[in-house]
Amino acid sequence: MKTPLVLAAALAAALASAEASGLDLPKNVSDETAACLECHRQYTPGIVYDWAQSRHAWTKPEAAFDKPAITRRISAPKPPEAFRGKVVGCFECHGQKTGTHADTFDHMGFSIHVVVTPKDCETCHPVEVSQYAQGKKANAYDNLAQNALFSQLVDTVAGGWEWKDPHLVAVRSTPESRWETCYGCHGTVVTVRGMTKVQTAMGEIEVPDLANWPNQGVGRVNPDGSKGACTSCHARHGFSIEDARHPHTCSQCHLEPDSPAWNVYRDSKHGNLYEVREAEFDWENVPWVIGRDFTVPTCAACHMSLVVDDKNTVLGQRSHDFGARLWVRIFGLPYTHPQPLSGATHTLRNTDSQPLPTTFDGAPAAQGLLSPEDQASRKVAMTKVCNGCHNRQWIEGHFRRFDVTVKETDTLVRTATALMREGWKRGVADPKNPFDEPLEHLWLETWLFYANSIRYASAMTGAPDYATFKNGWWNLNNTLKKMEAAVTREAEKR
Amino acid sequence: MKTPLVLAAALAAALASAEASGLDLPKNVSDETAACLECHRQYTPGIVYDWAQSRHAWTKPEAAFDKPAITRRISAPKPPEAFRGKVVGCFECHGQKTGTHADTFDHMGFSIHVVVTPKDCETCHPVEVSQYAQGKKANAYDNLAQNALFSQLVDTVAGGWEWKDPHLVAVRSTPESRWETCYGCHGTVVTVRGMTKVQTAMGEIEVPDLANWPNQGVGRVNPDGSKGACTSCHARHGFSIEDARHPHTCSQCHLEPDSPAWNVYRDSKHGNLYEVREAEFDWENVPWVIGRDFTVPTCAACHMSLVVDDKNTVLGQRSHDFGARLWVRIFGLPYTHPQPLSGATHTLRNTDSQPLPTTFDGAPAAQGLLSPEDQASRKVAMTKVCNGCHNRQWIEGHFRRFDVTVKETDTLVRTATALMREGWKRGVADPKNPFDEPLEHLWLETWLFYANSIRYASAMTGAPDYATFKNGWWNLNNTLKKMEAAVTREAEKR
Amino acid sequence: MKTPLVLAAALAAALASAEASGLDLPKNVSDETAACLECHRQYTPGIVYDWAQSRHAWTKPEAAFDKPAITRRISAPKPPEAFRGKVVGCFECHGQKTGTHADTFDHMGFSIHVVVTPKDCETCHPVEVSQYAQGKKANAYDNLAQNALFSQLVDTVAGGWEWKDPHLVAVRSTPESRWETCYGCHGTVVTVRGMTKVQTAMGEIEVPDLANWPNQGVGRVNPDGSKGACTSCHARHGFSIEDARHPHTCSQCHLEPDSPAWNVYRDSKHGNLYEVREAEFDWENVPWVIGRDFTVPTCAACHMSLVVDDKNTVLGQRSHDFGARLWVRIFGLPYTHPQPLSGATHTLRNTDSQPLPTTFDGAPAAQGLLSPEDQASRKVAMTKVCNGCHNRQWIEGHFRRFDVTVKETDTLVRTATALMREGWKRGVADPKNPFDEPLEHLWLETWLFYANSIRYASAMTGAPDYATFKNGWWNLNNTLKKMEAAVTREAEKR
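Protein chains in written order, with this note's numbering: chain A, 1 to 494; chain B, 1 to 494; chain C, 1 to 494.
None of these hints come from the bench; they were simulated from the model. Keep in mind that the hints are not guaranteed to be accurate.
Copies of the same chain look alike in the list, so a pair counts if it works inside one copy or between any two.
What the hints assert, rightly or not - In silico lysine to aspartate or glutamate, EDC-like type, Cα no more than 20 Å apart, as pairs:
| id | residue 1 | residue 2 |
| --- | --- | --- |
| 1 | Lys60 | Glu32 |
| 2 | Lys269 | Glu176 |
| 3 | Lys60 | Asp155 |
| 4 | Lys481 | Asp352 |
Because the structure is a prediction, the values reported are computed rather than measured.
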């Protein structure tokens, strides 16, 4: 740990060199933040400058209250008193709610924590944090880890095999392999193992020794017990709405082959026009004016943003529960089904008592899913956004087709499941682990890759080539024929 | 149907709110368009503002005739009288040629149609419409639907399978599954089933009930009998040349694995530089000055655009028959062959009387394909564009290599076809449907995915990694070995 | 060959038309370059205008010496005398070192060569050329062609198969197929076959007849014996640092499935933010100021560029040996190993005397690889760049995870190799060519595609979905199970 004297010397050096600097730092910072900046502009300049170009660095929270509510980026009913007169700097986030963070430590005389969490952001953005907590993203870690079936899938995917003649023998997954795969997006559990010494440009310092860090998965379990990482989408240290409105942000996780929202968007007319026109959009304006600020939607426009016409009539309410305008759940599971009531989907039980929203044959769970009435009202909310550009007839034609596709893909997955059951019956595979043998791999790909892709392409206004040959009908049907061959070949042997 | 009184009230409300609006709408619109705008700026603001930022919204067609012919974006010999003094607004397109559109209906007192077609665009752009009609794109629906073999492929790809022990039984494709797959790009047949009532913000209104709508496939068959959708590339409601000149527009259909023009372009030096430099290009200028307006070609530059040097010397003539500078056809079929004379390729017959430009062994059809002389003159036209940046030696080296690749891929497809025939002979697959069994899937992938990709990569100046491991030589050769194993394994059994 | 009279006439015509031109050409060109420009602005306008917008066209090399050394783009200790007073034009590059280029020829009275090489660029950029020559890129041709095992792989991948009942018979690869695949990126050997006549807009002229041209592979062997093509990254004829700093440039070769650096970057938080923010970056500034000129790294920032803070403190030294900050080699080979000391990796020998850095079981070569001390100092160099934005703890957490992943993927490849050996033993495949049979294809994919992808995703700060389902753990483990089935099925037969 540095002594105050060493710290003072470093500060003096930093101050001296600052005079020579060309980069403009904000003046209205708290004293604590000023201290952070003096050293860190030298030791981690990239994040200091990134922040220095952000809205946080130049705006006092109370300034939002001089403007109409619809234009505000903060949802607190009044300005946070502790920040009054100051912009939002390093210490405002890293120095908050000291007692609640297990990774709080003394750093150069200041009590700070490493991992800033939704509980910290909540000071200015309580509505967003509360909405987010309801949704599937905040629960993304638990939805895998607390679901026995999905945990088995994670362990199988991120595990391995060793050759012990005459067989391969399964090797369990490690924390690292799970962290680099499923929990990379779903979020890790970040815990404090104690303190550790690290070498820095200022010499050796002591910092919390964090397990499963770094990670910015959407359902990260933080050292203060909160869930989620706002930085999944509002990347540090700019924390901007511009970043989050770009589809590339969502694309970090929503990717082929298992959740190809980005790939399908990219191949749709919406995505095609986004690529062409994005430089002309106003990415910054709040609320977001359809046709003026943007002429084709990004993920945010349809699913999250406050979208208005140029007279501020609201077409879509902002929501940080990103499923709020969705009625049918089309991915991540074999069969489509009504959206769950709670984002904690691991609590669902199908009629076979499995932790799934449907049975292996597609029957929906008796409880915990949206009622037809709730589904209808969600569809109305989405339609209102579509209607910003498309007439009702267009929208109805689109959704009628989608309804057929949803049913057709469920039927094809039923065929795949029948083949797998037949294979289990005939000894082609062993049902103990439904994810670890060639026939089961084919089964999983029918729904997790192909049926999902077809449904996405349908829902998101069309990506025909994707749904045909890339990861769609061609692939799903071929896989069914491969499964038949595997099941039948075994039968022939006997 | 709304009464005139309700309509008047809506208009009044719209006019009142317009005063509060920040968005600038053009003034020189027809009375009919003004009426459209008053309501639709409120009900579908996105498309109104999109149009309001377009060239159509601010330019009277006659203005084109004050400028040199080479800079014109319209090809009519003189300004259309009906539009004189007015910009091109809603009613100019949706209100044209009323008698010819099966989807014409009375909407708030105006006789309009939903689906604007090439016949409407023809008023100002007759040369483009005529060129387009000659090409393969305008005929893209018929080229599948009127070709018995390709229809069988469509039905197989977009169909499904049901497990009826001891076999999978084929399920026929539905209109919806064909629409979301092959006909998504090729175009659907949009027909009028009658009238239907839809709920809108103005209450219930009656509109045509359109089948297979929405769709903007390149060969869409419209309610007026015309073929094509100009909006495939000039997306509504901006209808810009800028959109169409971007490769992302073409990429919506020309995608891996079956027609990977975009993917190959992306991985070529041309595409790599496009990604880096696109923000500096002048996407708007007509004609398009090579080296000044753009420093690397997009799809449009090589295949469609009017490309000139900075003294307006023409390097490439504009054409909306996008095959006009092509001599050899390299995709969509097992073997390469001279480009067809007519875009209606379903009329071709090979020497085995199949509706294909070559036999299953690669022999070209006796009629309907370009003569060697016509091929040579097309190559000259393309070379002239290449020569804008590359010297003759470079170009000849490039095309000599391409000629070898074309022959080599045809040879590899011949091997695949020999294996499939052998498999048919040995009972590994049944030739009745050449697209529905595992051995046949492998055969199709050898040409539709891999040989095509290799040819594209060669033609489009190189995408080496793509042509090696992504979807190329590695994949094609591995597939041949898989086919051999399937054919041989069966032989061993007997 | 044109007579001087014809040439003079062409020049006069060119001069006359130049007056009508709107494009501004630089004035401070040599007389020779002026002559080039007069004709070529007419005959290959694209490259003339591309150059005319470049730094070369407007900057005299001596101007660099009026500025601080850290801002210089040229590394010669003093300005090249021959270029004094002139910008760098056509003749400065194509007319250099006449005697050393086998493709030097007389062109309109000037002695020039077609293929500009690193030896030419060396006049102003000697440090870059020297660094480049040390690395793997300059040796990329030899590293395949002089390595018996990799040559066999190239020949197998780019070769083919012919069906001669009852077997497929291997067909050797051609120069063209190797050129369009592996040597497309690795570089071809460009040789002069003699002279040839080509038809140009100026009539027939005689030029060198170049074999394996065009190509801009990184290890191209040039007609002057030098290795490399600076245009791989600094594309002709702009030759800019802006192009090279964009990830798209690297992405032309570093692509999935075998070397998915681009794909993994694209799916990482770094790549996601690059896509969002690239328009705001200063791509031009030298040195490159972290946090100000760019807020997320591109390939160049971590691996090549001179990166500084805003007081010009150096975080990363510029290097054109792109492995200079790397300690462990993670791709292109079955097992990870310490980076080689020399870029000429074909000279390595493993303990089984194969031309590989490790044995088939992963044991590293006794000589020619970095020592642990050298590895440690490279890691320090990379860490210093990471530290520009991330604290030590973050960086250590990241690299600790990476270390585990490196070990785990090596273990999985060992399993794959054990299965292949078992298959060889049981007669499932023949070890003579380890790359040409289905079991061997699976083996190669375990390391060249999947283990590589997992390692890349880990090294480059995370691309979880890519490393899970796209080309990662899921795929690697499934492939192991397929190999087991192939090996076991054969065993069952006997």
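Enumerated hints in conflict with the structure, sorted upward: Checked against the structure, the hints that fail are numbers 3, 4, while the rest are satisfied.
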